[in-house]
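A.B. asks: Residue numbers (my numbering), protein chains in the order written: chain U, 15 to 345; chain P, 15 to 345.
Keep in mind that the hints were calculated from the coordinates and are not lab data. Note that CB positions come from ideal geometry on N, CA and C, so glycine has one too. Treat the hints loosely; a few may be bogus.
Unchecked claim - What follows is a set of in silico ranges between Cβ atoms, one per label pair, in the way DEER data are often shown: (1) U:Lys230 to P:Ser72: 23 to 33 Å; (2) P:Lys61 to U:Glu155: 23 to 33 Å; (3) U:Ser312 to P:His167: 34 to 44 Å; (4) U:Gly125 to P:Asp317: 49 to 59 Å; (5) P:Arg234 to U:Arg265: 38 to 48 Å; (6) P:Gln335 to U:Leu106: 50 to 60 Å; (7) U:Ala120 to P:Ile313: 50 to 60 Å; (8) U:Asp321 to P:Arg234: 16 to 26 Å; (9) P:Lys318 to U:Arg172: 45 to 55 Å; (10) P:Lys228 to U:Pro244: 15 to 25 Å.
Residues per chain are reported as follows:
There are 2 protein chains.
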Amino acid sequence: MIRSLFAVFALGLTLTHGGLAIAQTLDPLPSWNDGKAKQSIINFVTKVTEQGSPGFVSPSERIATFDNDGTLWSEQPMYFQLLFALNRVKELAPQHPEWKEKEPFASLLRGDAKRALAGGEHAVLEIVMATHAGMTTEQFENLVKDWIATARHPKTQRHFTEMVYQPMLEVLGYLRANGFKTFIVSGGGIEFMRPWVESVYGIPPEQVIGSSIKTKYEIRDDKPVLVRLPEMNFIDDKEGKPIGIHIHIGRRPIAAFGNSDGDLQMLQWTTAGDGPRFALYVRHTDAEREWAYDRTSSIGRLDKGLDEAQAKGWTVVDMKQDWKVIYPYEK
Amino acid sequence: MIRSLFAVFALGLTLTHGGLAIAQTLDPLPSWNDGKAKQSIINFVTKVTEQGSPGFVSPSERIATFDNDGTLWSEQPMYFQLLFALNRVKELAPQHPEWKEKEPFASLLRGDAKRALAGGEHAVLEIVMATHAGMTTEQFENLVKDWIATARHPKTQRHFTEMVYQPMLEVLGYLRANGFKTFIVSGGGIEFMRPWVESVYGIPPEQVIGSSIKTKYEIRDDKPVLVRLPEMNFIDDKEGKPIGIHIHIGRRPIAAFGNSDGDLQMLQWTTAGDGPRFALYVRHTDAEREWAYDRTSSIGRLDKGLDEAQAKGWTVVDMKQDWKVIYPYEK
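Kindly produce the complete structure, drawing on both the sequences and the hints.
C.D. replies: Structure below.
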């Protein structure tokens, strides 16, 4: 689907040159209702790509960064990576008889995820380290690939890769058709995303930034491997996002897309540069087709960010109003 | 010059289609003498780009990584970044009267770099932290840009960006013309390289991997900044190179280029993957046109790596024999 989008844009761009002006008749964002949000995206892209205009930005500087959870795919009833981790706990339980007595594992194995996660950040960290470390990078990649190919969402019963936002796929394709490099900048695990984001979003592994644990280089049976260690390397959230962007990309994005307070610093950093800048928040307002949550949610809280977006005139997408469909399968 | 190389390749590739077969008559590596090293590069590129051949590699997997110091530019009589740091020490000395009594600064300020560096890694780290931290990332970028535009090499009196290897510039251009993404993977500072490598090597900032210090996100006068802290973040050398490659690129290179034991793990990691693989060591054998050093040098030592290259049949470039010219200004 991403590929076909691409083909359409390429065609449109080529044919305008022949005088047919097909590009104008093609809607680059067909799943968006007409309105301020859609128009703000098109206006920005038009401005930075118009040769000779004062807002023109050279292609090499057209960097756009996207949060993942809640911005490109859903994140309820809990981050999908956490569902992956919970599944791993169940699979690993036979090798860890001690987990029957030890929190947060004991509650998890009794099916009480809520109680397990009551331990907050510390509990999550324990679960992540127990399930994401202790194997080679290649082994972990295979675990993710297997899970993402088979696991189903508890509410929709869909594959998780089907629960991506069709309107945002169109934004990704539209930006790339206009010379942008698109990056993911997520609080989620960098190695959890890389095995599937290329086929789903068209974003190659080298354009994925995320949280990571440390790895160690070792020679095993005459072959080098990278072993995943139970130790945090980098947390790509809040203040970590501009830091991650700077380390990985080395230049400031001109456009950034998020949905929560965890993205606020990325949007601040992006919009503080010179020249045309674009910042967009996806606001979850659709309890029927997706979920509705913002200022008081424990997952994907959007509170300070919403105030700052309103004060600074950033684009705020109202899912319910602005999006014709949420998921590709609704088309 | 890089741009004109590109144009030549593009022309060659286009015209072959018209039946003129100009590509065959154009030498992609004109500064290389005919011999095993040159032929091994051309054979590898031909193999992985030949549609339908068993060695064919899809463009997205054509990742090539290059060490910088001693592989793309010279590194004698000491790493050029260290010369930048020594210059910074002199500039900062008036603000640090205590340095007159304190090593390694005292020796440096008396012009005795050798004695200052006798403190080894610890001394170097002290110098780097004193000169590379304590400012914003933007301020540091400007310091590097100023220095690289004006400073001269103590022996050649050339700008440091002139002391890059013409034959390696040709390899970079040749690989990119054949669909490769070229990355730098250097023990040097990531922020020290990014301000100038795009114009010199044609490698954009997001394809530069290097050592780094930690940064901190702050709002100053209502504007976000990243402040450089006197604390190491990552050392991109030896075992660190495969780790840095994995974090930044997320896939294994199919070709890697280095010149020292510090690159050995990168070459091991690269060649341990499936399918066609290429590893190359530049050996500094030319005391007249450049420098001659290998097994016993304190800078850029090539000892274990040379043994492994010979055992595994990696390409070893003999600078004196294989390269018609060293620097672009000798052409």
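A.B. asks: Look at each hint and say if it fits the structure.
C.D. replies: So, going through the hints one by one against the coordinates:
{"no.": "1", "hint": "U:Lys230 to P:Ser72: 23 to 33 Å", "result": "holds, 30 Å"}
{"no.": "2", "hint": "P:Lys61 to U:Glu155: 23 to 33 Å", "result": "holds, 26 Å"}
{"no.": "3", "hint": "U:Ser312 to P:His167: 34 to 44 Å", "result": "violated, 58 Å"}
{"no.": "4", "hint": "U:Gly125 to P:Asp317: 49 to 59 Å", "result": "holds, 58 Å"}
{"no.": "5", "hint": "P:Arg234 to U:Arg265: 38 to 48 Å", "result": "violated, 20 Å"}
{"no.": "6", "hint": "P:Gln335 to U:Leu106: 50 to 60 Å", "result": "holds, 56 Å"}
{"no.": "7", "hint": "U:Ala120 to P:Ile313: 50 to 60 Å", "result": "holds, 56 Å"}
{"no.": "8", "hint": "U:Asp321 to P:Arg234: 16 to 26 Å", "result": "holds, 21 Å"}
{"no.": "9", "hint": "P:Lys318 to U:Arg172: 45 to 55 Å", "result": "holds, 52 Å"}
{"no.": "10", "hint": "P:Lys228 to U:Pro244: 15 to 25 Å", "result": "holds, 22 Å"}
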